[in-house]
Amino acid sequence: MFLAQSSVDFASIAWSSFAPELVVVCAAMVLLLLAVAGRFRLAVAAGCGLPAVGAGVWLVASGRVLPGAIAIALGAAAPALVVAFPGRPSLTQSWGSGLTLFAALLLTFWQYAEVLAPHGGLIVPTEALQGALANDGIGFFTRITVYLSALLVVPIGYGYLRDRQIGRAEVEPLLLLSVAGMAFLGTANDLITLFISLEVLSMALYVLTGLARRDRRSQEASLKYFVTGSVASAILLYGMALLYTATGSLDLAGIGSGLGLVTSPPVVGVLGLALVTVGIGFKVALAPFHLWAPDVYQGAPTNVTAFMAAAVKAAGFAALLRLYLVAFPNYASLWIPVLSVLAAVSMLYGAWVAIVQHDIKRMLAYSSITHAGYATIGVVSNSDAGLSSTLWYLLTYAVATLGAFGCVIAIERVRRGEVTLVDLRGLGRTSPMLAGILTLCLLSLAGVPATAGFIGKLTVFQAGVAAGHTWLVVIGVVSSVIAAFFYLRIAGTMFLEEADESRGLPLVTTGLSAGVSVAATLVLFLGIQPQLLLQLAENAAAVVR
Amino acid sequence: MEIGYYFALSALLFCVGLVGVMLRRNAIVLFMCIELMLNAINLTFAAAARMWGGPDGQVFVFFVIVVAAAEVVVGLALIVNLFFRRGTVDVDVPQLLRY
Chain A
1 MFLAQSSVDF
11 ASIAWSSFAP
21 ELVVVCAAMV
31 LLLLAVAGRF
41 RLAVAAGCGL
51 PAVGAGVWLV
61 ASGRVLPGAI
71 AIALGAAAPA
81 LVVAFPGRPS
91 LTQSWGSGLT
101 LFAALLLTFW
111 QYAEVLAPHG
121 GLIVPTEALQ
131 GALANDGIGF
141 FTRITVYLSA
151 LLVVPIGYGY
161 LRDRQIGRAE
171 VEPLLLLSVA
181 GMAFLGTAND
191 LITLFISLEV
201 LSMALYVLTG
211 LARRDRRSQE
221 ASLKYFVTGS
231 VASAILLYGM
241 ALLYTATGSL
251 DLAGIGSGLG
261 LVTSPPVVGV
271 LGLALVTVGI
281 GFKVALAPFH
291 LWAPDVYQGA
301 PTNVTAFMAA
311 AVKAAGFAAL
321 LRLYLVAFPN
331 YASLWIPVLS
341 VLAAVSMLYG
351 AWVAIVQHDI
361 KRMLAYSSIT
371 HAGYATIGVV
381 SNSDAGLSST
391 LWYLLTYAVA
401 TLGAFGCVIA
411 IERVRRGEVT
421 LVDLRGLGRT
431 SPMLAGILTL
441 CLLSLAGVPA
451 TAGFIGKLTV
461 FQAGVAAGHT
471 WLVVIGVVSS
481 VIAAFFYLRI
491 AGTMFLEEAD
501 ESRGLPLVTT
511 GLSAGVSVAA
521 TLVLFLGIQP
531 QLLLQLAENA
541 AAVVR
Chain B
1 MEIGYYFALS
11 ALLFCVGLVG
21 VMLRRNAIVL
31 FMCIELMLNA
41 INLTFAAAAR
51 MWGGPDGQVF
61 VFFVIVVAAA
71 EVVVGLALIV
81 NLFFRRGTVD
91 VDVPQLLRY
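Quick note, the sequences are listed as chains A and B, same order. Oh and the first sequence: position 285 is 285 in the working numbering, straight run, nothing missing. Oh and the second sequence: position 53 is 53 in the working numbering, straight run, nothing missing.
Have a look at the derived ranges for each label pair, beta carbon to beta carbon:
1. B:N26 to A:I528: 51 to 61 Å
2. A:R214 to B:C15: 32 to 42 Å
3. B:L9 to A:T263: 20 to 30 Å
4. A:M433 to B:R25: 40 to 50 Å
5. A:P329 to B:A11: 25 to 35 Å
6. B:N26 to A:L261: 43 to 53 Å
7. A:I482 to B:V66: 40 to 50 Å
8. B:M32 to A:A69: 48 to 58 Å
9. B:F63 to A:A332: 24 to 34 Å
I should point out that these hints are in silico values taken from the structure, not numbers from a laboratory. Every residue gets a Cβ at the ideal spot worked out from N, C-alpha and C, and that includes glycine.
With these hints in hand, go ahead and build the complete structure from the sequences.
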């Protein structure tokens, strides 16, 4: 299918199907160039900006106004940012990546209006690039989640990276590349695209995890993540190879129909399914494949942890949804029980172990395992409602966890080390705003009404009950109750206990407070007025099959 | 079916790599085991591509080779940095992240 065309015809490429990623990848390259440009920064920025402006003018002239305007704006922003922050290249990098991610978010909605749902409302799923990419709801909603997460992480992490002196010029390009990998993972419709995008996002994250080169915890986390992640990738890849052996197709839909044929050897197909489950389970940290998550979340720089928790989970679940719904419908009687058990184990084990943790980052890591379990309820529902509920759940989880990690960053900047429960004592008196936001995000993670997390849990549980997985929903409720205990214990520590005078006040900078406030606002807004995005999630329940 | 031997060999190589990852503690050896797993997968893809008579599997092999090369770059950089930090590449020796 790849060799059918001997020469590349540019007009036949469906650029609009990966427009947001195109912007992100180009910006990553430009930021890398700027990082090494030295004295010639302005020349490089102008040299990169001019073609972008030219392409934008051409796009506007040919009738595509929004992408054209974005290209012009970003092209002009490149030299403007260099001029605006002389001698402070880190600000140029941060603003550049922030603008890029905002542009990608805008382009995602443009894509929704122009390509995905040209007649408004429901998404019409189509294939692009000879079936390599799928223009459908999973890709659309994953893009929203990952671009939003990255957009919030950039300002939240800025001051933190400067404080720890680990903010080198490659941070933002690596972040952008990782985001592009995640977005592609959400749209990948054949095994090659899926594997490559998974590796792009993982490799950028291995490096980001080991960003603190002098911190041994960061190095240890990085090596652990690298080894477990590579092994998981290899297992997943072997599963893919077996699926190809069984069906002779790399296309997910082709695998789906191939596995239904009597001629395909069932042992090979089932073995492939098992290996793919193990590999993808590692990536989204479902118990018992979660062993890397607590160590990596604790050791990585906190802004990277926030990004990992929010975005990697969304991207991993996008791949998981697409694989199981498109490639394995014929094995539904096999994978639904298996994934249900994994979800139940994750929910109970994560909540149980989180209770005894003292380190806040490690506790949030175990809570992320619990949340992977909740999101899986939507997957095993194997229905449109389940699909949209999982996508929606991941968005609510992303904003809440970003806000929570943002507050942890503010405290960690004073502590210079691990943040434990003791460090939170009396925070409600000394810095009530921060403590309030942290409490709000934790309440959302616990699923208290009037927060985003409540609506997320509600839709997931509804989908689970509708699909007949009542026992799983009961376990989910039990696990929520256990989890509420340790979330509320943090809130209690902050508001009920006396402050320790010797501890410094949390350090909040403009970027951090902006990012955290936006996250908290989203938590409240999605909790009180969920209709807008919930409708979008329901429209997104359309998959290329 | 003669092609079965290729699948059996690649499964064997994959298992050797997997067992190696689980048992060995030297980061460099772990790394070699991962590469062994990836190359075993390549063998499966090549054999399956031969069996199905299409180019897809062989194209995938090229991508896997590229990914493996990229993994070498990232992985060796991490291992070298770790060696500078603590003077050993044994992954078990000092564990700071536990409990």
